[in-house]
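Participant: Taking the hints into account, I'd like the entire structure generated from these sequences.
Here the protein sequences line up with chains A and U, keeping their order. Heads up: the first sequence at position 316 corresponds to 316 in this note's numbering, and the numbers run straight through without jumps. Heads up: the second sequence at position 53 corresponds to 53 in this note's numbering, and the numbers run straight through without jumps.
A hint or two may mislead.
[To be verified] Simulated pairs of lysine-lysine, DSSO-like, Cα-Cα distance not exceeding 30 Å:
no.	chain 1	residue 1	chain 2	residue 2
1	A	LYS102	U	LYS55
2	A	LYS368	A	LYS265
3	A	LYS368	A	LYS205
4	A	LYS66	U	LYS88
5	U	LYS88	A	LYS102
Derived by calculation from the structure, the hints in this document are not laboratory data.
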Amino acid sequence: MAISEELIAQFRATAMTRIETIEASWMRVLSVLAEDASLVIQREIHTLKGESRIVGFTDVNMVCHKLEDLVDVARARGYAVDDDFDLAVTMALRFMAMLIHKRIGSDLSGIDLPGFVRHIDGVLDRHEHTGRSRSGSMPPLLSRSVSTRMTSHLRTQLGPAAVDAFVEFAVAQGARRDRLRASWHLLRDLIGIQRAIVSAAQLGKYKPSAISLAKDLGKEIDVVFEIATAEVTTEVLAAIDVAALHLVRNAADHGIEPPAARIAKHKRGTGTIRLRGISRDGEYVLEVEDDGDGIDFERVRARAIELGLVPAGAIVDEARLVEVMCHPGFSTRSEANEISGRGVGLDAVRASAVDLGGSLTARTERGKGTTWSVAIPVPTLAVHNLAIRAPGLRFPIILDPSWRLLDSHPKMPIVVDLAAALGLAPSNSISTTFSFFTNGELEIGMACGNRPGHVDARRLITTPSTSIAEVATVDSIEGLLLRPDRIPGVLP
Amino acid sequence: MAVRLRVPPVDDPDFFAEVDFTTGAVLRLVGSADTIATPELAALLQTLHGELIAKALPEIVVDLRDLDFMAATCVRELVHWIEGARYKIRLRSNPTIVWQRHALPALSCFDTTLVTVEV
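Facilitator: Here it is, written out as structure tokens:
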């Protein structure tokens, strides 16, 4: 099956970002021994390896595998590696970058992939790499530090600053407005919600590679997609994508049995991997189900004891053993092959889900199969409520959905000047009419330049619930999503 | 006599680089190319690339025989230069220096039609 140019272009862009991330993390782990950087390196390489296989970049896949070997050795040594080793990792990353950049039809005759792989093998030999044995203890614990990535939590914390930047820009004029536009747009692009669509078409790209992988392992599989199309953020889509990649590969490699073994158990010779995507209760849930042999918890338990992850003789339930399976570096395989065995896949899936406040769980039954389930919270992306135009403000104000319009004039409303409430010059308008709103507890009046009407707004900049406003768009026009109870002086 | 490039060559207490166009093009790197030398080396290689293209020179010799050490960040710049090269690059090496013995053959793997290692 031919890989589309679009998919290859997408792979190239994503792969280069991954390589840059690995390079930065590699330099960081060598200088400060940061555990988070170490884990990022492992996850990114493993994911890049899987992705490169999907798009048929077998050369990149091969160098990825060698790079994983190098990182295994470095990690086992607590990253106390010499310059020779550092050079090898650096060149391997650059070699991959070159392979990713190469164009179909261009002259590739000068690239000596076997020679380069021999070079890496030589470095591994010099550093006493012993055939990828994993029988030793877990890698040494490195120092933990706060991730510098722009997490959703950090974005929310920066949200109020972005709201201020928007308000200042929106009311500014002339050259000042041009200058503030640049600041607002920078913040908006940096921390604004970016939307993406998760769909069967998006995840279907993993089907050919899963079938090919199974074939290489002497297995036959069907991959079935039951994916509900949903609007999510780009971060959620990326996490779903990583989960689909690793869980499908794991199912093909570890879950589904060879045809003969299946037939002996009165199963169809061809195994089935079913991906189910459901949007529910503010989460997107991806389930990857296989009808394979199920998780062998005795084997997991024995391996966990061997690696010192659980004490010998301790009573450990299956839920805990599933957690152990997601531990960085855990694998029931004693040796890594080109597909699995490094204990990175499940760790990568869990980490990308947990980073977004989600979770990874498993249900399994011996002889029947396993279902891995990734649940990731999806922020509320759309809001339907009243919008008003306020004197002195040139952008729409959308009220938080907990507020509604009052039909009659309340006896003792709190009247607010929105411009002043936002820290701007008071509008002092005398020509506008007032509308009154309530959230069931408070009643406030606001000067409105129009009759409040219902709109569909899309959240753009999120803020903590204690902030006065967020930024949202109505028909692509930027405005404020207002929490009237957070206006100074409104709360008793 | 060396004909210098228009930009100042890299010259710090530990690392020295110069280009000689007297007989073809020769880039000589001497000393220890530590991380701190990376921006200067990158700038030098970028200018050198422009000069080689402008002069339509078919090849350049990179004399590394007295280069005791090269940090990974500097090698990264060297790789970047090789990726954009449209001329042959002959790496003149010193096999008694360990990093050269190990790393230079790998460097030639990026493009064996352009990069050769001479002992």
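Participant: Each hint should be assessed against the structure and marked as holding or not.
Facilitator: Do the hints match the structure? See the list:
{"no.": "1", "hint": "A:LYS102 with U:LYS55", "in the structure": "holds, 27 Å"}
{"no.": "2", "hint": "A:LYS368 with A:LYS265", "in the structure": "holds, 10 Å"}
{"no.": "3", "hint": "A:LYS368 with A:LYS205", "in the structure": "holds, 26 Å"}
{"no.": "4", "hint": "A:LYS66 with U:LYS88", "in the structure": "holds, 28 Å"}
{"no.": "5", "hint": "U:LYS88 with A:LYS102", "in the structure": "holds, 19 Å"}
Violation of the numbered hints given earlier is absent; every hint is satisfied by the structure.
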